[in-house]
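Peer 1: Below, each chain spelled out in residue letters.
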Amino acid sequence: MAKEPRPSASDRLGKPPVLAPGHTTSSVTDQISAVILRGTPRWWYFAFGFSFLLVLLLLQSLTKLFLEGTGIWGLNIPVGWGFAIINFVWWIGIGHAGTLISAILLLLRQEWRTSINRFAEAMTLFAVACAGLYPLIHVGRPWLAYWLLPYPNTMGMWPQFRSPLIWDVFAVSTYATVSLMFWYIGLIPDLATMRDRVENRWSKMVYGALAMGWRGSAHHWHNYETAYLLLAGLATPLVVSVHSVVSFDFAVGQTPGWHATIFPPYFVAGAIFAGFAMVLTLAIPLRAIFNLQDFITLRHIQNMGKVMLATGLIVAYGYMIEIFMAFYSGNQYEEFMILNRITGPYRNFWWALILCNILAPQMIWIKKVRVTPALMWIVAMFVNVGMWLERFVIVVTSLHRDFLPSSWGMYAGTKWDWATFIGTIGLFLSLLFLFVRFLPMISIFEMRTIVPKSDSEEASA
Amino acid sequence: MSAPGAARLHGLMAEFRSARSLIRACERTHEAGYRKTDAYTPYPIEEVFEALHLHRSKVPLLVLIGGILGCLGGFALCYWTSVIEYPMNIGGRPHNSWPSFIPVTFETTILVASFFAVVGMLALNGLPMPYHPVFNVKRFALASRDRYFLVIEAEDSRFDAEETRRFLASLEPTEVFDVEP
Amino acid sequence: MSLEPQRFAAPADVARLGRNALVVGAIGAAASVAGYLSDPAQFFRSYLVSWLLWLGIAAGCLAIAMLHHLSRGAWGLMIRRVLEAGSSTLPLLAILFLPIALGLTEIYPWARPDEVAHDEMLQYKTWWLTPGAFYLRAAIYLAIWSGLSFALNRLSQRQDETGDPGLFRKMQTIAAPGILIYALTATFASVDWLMSVDAHWYSSLFGVYFIGGQGLAALSFVVIMALYLAKREPMKGILGANHFHDYGKLMLAFVSLWAYFALSQFLIIWSGNLKEEVLWYKERTEHGWNIIALGLIFLHFVLPFLLLLSRDLKRRGRPLLWIALLLLVMRWVDLYWQAGPAFSPHGLTFHWLDLATLVAIGGLWFAAFSRRLARRPLLPVNDPFMEETLDHE
Numbered sequence: 000m001a002k003e004p005r006p007s008a009s010d011r012l013g014k015p016p017v018l019a020p021g022h023t024t025s026s027v028t029d030q031i032s033a034v035i036l037r038g039t040p041r042w043w044y045f046a047f048g049f050s051f052l053l054v055l056l057l058l059q060s061l062t063k064l065f066l067e068g069t070g071i072w073g074l075n076i077p078v079g080w081g082f083a084i085i086n087f088v089w090w091i092g093i094g095h096a097g098t099l100i101s102a103i104l105l106l107l108r109q110e111w112r113t114s115i116n117r118f119a120e121a122m123t124l125f126a127v128a129c130a131g132l133y134p135l136i137h138v139g140r141p142w143l144a145y146w147l148l149p150y151p152n153t154m155g156m157w158p159q160f161r162s163p164l165i166w167d168v169f170a171v172s173t174y175a176t177v178s179l180m181f182w183y184i185g186l187i188p189d190l191a192t193m194r195d196r197v198e199n200r201w202s203k204m205v206y207g208a209l210a211m212g213w214r215g216s217a218h219h220w221h222n223y224e225t226a227y228l229l230l231a232g233l234a235t236p237l238v239v240s241v242h243s244v245v246s247f248d249f250a251v252g253q254t255p256g257w258h259a260t261i262f263p264p265y266f267v268a269g270a271i272f273a274g275f276a277m278v279l280t281l282a283i284p285l286r287a288i289f290n291l292q293d294f295i296t297l298r299h300i301q302n303m304g305k306v307m308l309a310t311g312l313i314v315a316y317g318y319m320i321e322i323f324m325a326f327y328s329g330n331q332y333e334e335f336m337i338l339n340r341i342t343g344p345y346r347n348f349w350w351a352l353i354l355c356n357i358l359a360p361q362m363i364w365i366k367k368v369r370v371t372p373a374l375m376w377i378v379a380m381f382v383n384v385g386m387w388l389e390r391f392v393i394v395v396t397s398l399h400r401d402f403l404p405s406s407w408g409m410y411a412g413t414k415w416d417w418a419t420f421i422g423t424i425g426l427f428l429s430l431l432f433l434f435v436r437f438l439p440m441i442s443i444f445e446m447r448t449i450v451p452k453s454d455s456e457e458a459s460a
Numbered sequence: 000m001s002a003p004g005a006a007r008l009h010g011l012m013a014e015f016r017s018a019r020s021l022i023r024a025c026e027r028t029h030e031a032g033y034r035k036t037d038a039y040t041p042y043p044i045e046e047v048f049e050a051l052h053l054h055r056s057k058v059p060l061l062v063l064i065g066g067i068l069g070c071l072g073g074f075a076l077c078y079w080t081s082v083i084e085y086p087m088n089i090g091g092r093p094h095n096s097w098p099s100f101i102p103v104t105f106e107t108t109i110l111v112a113s114f115f116a117v118v119g120m121l122a123l124n125g126l127p128m129p130y131h132p133v134f135n136v137k138r139f140a141l142a143s144r145d146r147y148f149l150v151i152e153a154e155d156s157r158f159d160a161e162e163t164r165r166f167l168a169s170l171e172p173t174e175v176f177d178v179e180p
Numbered sequence: 000m001s002l003e004p005q006r007f008a009a010p011a012d013v014a015r016l017g018r019n020a021l022v023v024g025a026i027g028a029a030a031s032v033a034g035y036l037s038d039p040a041q042f043f044r045s046y047l048v049s050w051l052l053w054l055g056i057a058a059g060c061l062a063i064a065m066l067h068h069l070s071r072g073a074w075g076l077m078i079r080r081v082l083e084a085g086s087s088t089l090p091l092l093a094i095l096f097l098p099i100a101l102g103l104t105e106i107y108p109w110a111r112p113d114e115v116a117h118d119e120m121l122q123y124k125t126w127w128l129t130p131g132a133f134y135l136r137a138a139i140y141l142a143i144w145s146g147l148s149f150a151l152n153r154l155s156q157r158q159d160e161t162g163d164p165g166l167f168r169k170m171q172t173i174a175a176p177g178i179l180i181y182a183l184t185a186t187f188a189s190v191d192w193l194m195s196v197d198a199h200w201y202s203s204l205f206g207v208y209f210i211g212g213q214g215l216a217a218l219s220f221v222v223i224m225a226l227y228l229a230k231r232e233p234m235k236g237i238l239g240a241n242h243f244h245d246y247g248k249l250m251l252a253f254v255s256l257w258a259y260f261a262l263s264q265f266l267i268i269w270s271g272n273l274k275e276e277v278l279w280y281k282e283r284t285e286h287g288w289n290i291i292a293l294g295l296i297f298l299h300f301v302l303p304f305l306l307l308l309s310r311d312l313k314r315r316g317r318p319l320l321w322i323a324l325l326l327l328v329m330r331w332v333d334l335y336w337q338a339g340p341a342f343s344p345h346g347l348t349f350h351w352l353d354l355a356t357l358v359a360i361g362g363l364w365f366a367a368f369s370r371r372l373a374r375r376p377l378l379p380v381n382d383p384f385m386e387e388t389l390d391h392e
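Protein chains in written order, with numbering that gives the first Met the number 0: chain A, 0 to 460; chain B, 0 to 180; chain C, 0 to 392.
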């Protein structure tokens, strides 16, 4: 702690800093809380209003669904699993980056995580909320969705624990609960900061109640830090398990194209890939709008780009090994499935997926691309689309031509499928806009810890 | 034991400008024999914990207990429902399909351990606590910005309003405040 | 802190250890030759498993070194010389591959023409599994790994000599594609060398599992060496509890990953219950092999996992040493469990050649390793991140 400031090796080697120079504990506190304190900008009403319109579209689609049933979707036999599972996997994958940034990078002592973790965790929660919606509405009679839970009931029945779908119930609900707790615990000291900053009596009471009377006592920090690290340690295997369990939904069955042992690690890598793409998609415009370039620097964008590139390459490995094993196995159904994917009626989806997920991210090897936020944003958008296509290809091409040629068919989403999907994007954005308006989107107290100490004391003396 | 006037005080609070001066102050306070003390900082500082000689946190133990309970509970749930209460032949798999029970057991382990971490941390810290005397000091709002505070509570057996005030002043704080209860 | 390379010369003990290893290796080699003359089939089968274990350590060292170059963590600088010495033995292991090449028909069913003639699946698989293609691919894998380790070691040597701070960028330029190439080649190598002992079986996770095993073997070996060096000058007082805490955490992560891969593969195949996949597990969980399987669960995962959760055990040298040794032994058990049932499906067997070949390759390998380790200072003193790393302690 008490050490002379001197340039670290990474500074000497010309990397952009994690935090722009000149900041002090007071300046980070003031600048981040000012985003909330300076009132609502006009654009916020438009942005939130637009997102909320999409939420209304979601509500309309859901009402229609509840009244008429899943017949309004494009599901058929043989493709009995369509947009609902595609979007479920897409959303839950996006959530994974938040936990990765907040937990795994914390354990790896990566300082750069500090300015993006809060916001990435919020993104996780909202993505999980959107994801959780799909299994509930897909069960056909959503008002009976609680039958998924193990509880003593009048029918004398219990869930079937050999089914991966019940594993999913446990995995996703645990993930949502733990992410919420992790996020809230991280927020407590910042809620106290807001309580001490706001003028308005009502705001003070709300922030005060949420902060639970936090006062920054050393005794409290001591337990707090330990608990936070332990939660990070618990969240790390959890995040791996969640997408693994999602992959089990497919892999423990026997359908060619689904039954592959590589699925768990390859799904986890894909989830992190998609999640970092979404963090970049959101962080790049937000840092520009709120003038947070001092906190979310080019270093962050570069590092996130590198993680995206690495996980994207693991995903590419997954595609490659699936194709290789289909041929090595000598199993004619596996071979047919792969050829059908690449050359069959859905081949355009497959080739678009290769373009978005494998070719586009290779741009990140070029340093010029990594340090140009606009270009990184474009690459991230490619990945967002690509990961949706990946789930589409996995779900649809594996089902639409199965063992019996007489039962082959085609699948396409209906307008209600699309309306529901776009509606969840609206829900996600609405929650996000509420979050950036009312809560500190960068963890203030953690930013205080990375301020160079000697500077801050000189400045405030 | 203490001066009559001190009974209406929660304690005395000293404000510091830097973490370094707070750490020095904490060390000297501990050396002077004060035990009912607390430091307030805008972010966690390892050296302050050491200077105040805080005990090892009990949270890890709670998390371990939670993890064990969650693990046993999760497996017991799967086993009891699938083997004892509602045995059913699913695709010829054994009733005790232990490989299938691993994911649920794993999730409940994490869930209960996390609950113990969060609830345990809050309980050990005595939170939520709507009222606390330190908030009566106006400048204390800066404890969540850039100031560092040290409090010696009136309950401390060595506390004496005048002498402790002199002691705190000798630590070179920017100011010393009375903390009304 | 002064950073003269001379200060960090390897202790004389390392060279002595290498000479002893050479003697032990020579005895093992003599015993192995005797074993080959009396029972060639058994010799080749034992040799494959032993060779894969030592290869795993060397190739894993290469992979971890490349990861270190990319991530630039302090953890890696302290053990970089061990990783470099470990990976520089890859050419030796390439030479030691020759007995496997010679004993192909004793090891792999697809290499036996009479068996292929009666098996349609093996005939189909000749697009991949033929002796010629097998030799060619093995040569490619081993040449690539040797080349990568050579290139990185040479740059490291230049860094020692010139102190050019820009060299680490060149290392990164090699390491980034290097790690990709390693992952691909190691995957196909796992299919060729280990998966195809049962030529009918397939699993797309297998390559990842194999790579994870190599990483764990290398890490355990590196931890043992680090603990050995930490007791002696010049590393005494430099390698401390904080480093071992980090290595313990890394071991915990690798042990968990290994269990994750093992469980994923097992759970998917067990649930799918297709005969072309599940028979592999059936063979490995009956006739005594089930004892090995249970041993893997408890000694390769549960016990080390629980021990490594403890902060104190990670920070103290001796317990960590025992855990690392246990894991290294279990790496061999795991490889033996994967290959063995293909050779003796009707019952668990051990042969003295299993041990003899292990000692023979290990002795020679360790002699080469310690020669390399003794040749250069134990810390990469000219690395641009070195000073900072030492300051933080």
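Rather than coming from a laboratory, the hints here were simulated on the basis of the structure. There could be a bad hint or two in this list.
[To be verified] The calculated BS3-like cross-link candidates involving lysine-lysine, where the alpha carbons are at most 25 Å apart (straight line), are:
1) A/Lys367 with C/Lys230
2) A/Lys367 with A/Lys305
3) C/Lys169 with A/Lys366
4) B/Lys57 with C/Lys235
5) C/Lys230 with A/Lys305
6) A/Lys366 with A/Lys305
7) A/Lys63 with A/Lys367
8) B/Lys35 with B/Lys57
9) C/Lys248 with C/Lys230
10) A/Lys305 with C/Lys274
11) B/Lys57 with A/Lys203
12) C/Lys235 with C/Lys248
13) B/Lys137 with B/Lys35
Peer 1: None of the hints should be skipped; say for each whether it holds.
Peer 2: Going through the hints against the structure:
no. : hint                   : verdict
1   : A/Lys367 with C/Lys230 : 47 Å, violated
2   : A/Lys367 with A/Lys305 : 13 Å, holds
3   : C/Lys169 with A/Lys366 : 15 Å, holds
4   : B/Lys57 with C/Lys235  : 33 Å, violated
5   : C/Lys230 with A/Lys305 : 38 Å, violated
6   : A/Lys366 with A/Lys305 : 10 Å, holds
7   : A/Lys63 with A/Lys367  : 49 Å, violated
8   : B/Lys35 with B/Lys57   : 19 Å, holds
9   : C/Lys248 with C/Lys230 : 21 Å, holds
10  : A/Lys305 with C/Lys274 : 41 Å, violated
11  : B/Lys57 with A/Lys203  : 32 Å, violated
12  : C/Lys235 with C/Lys248 : 21 Å, holds
13  : B/Lys137 with B/Lys35  : 22 Å, holds
Consistency note: the structure conflicts with the earlier hints numbered 1, 4, 5, 7, 10, 11.
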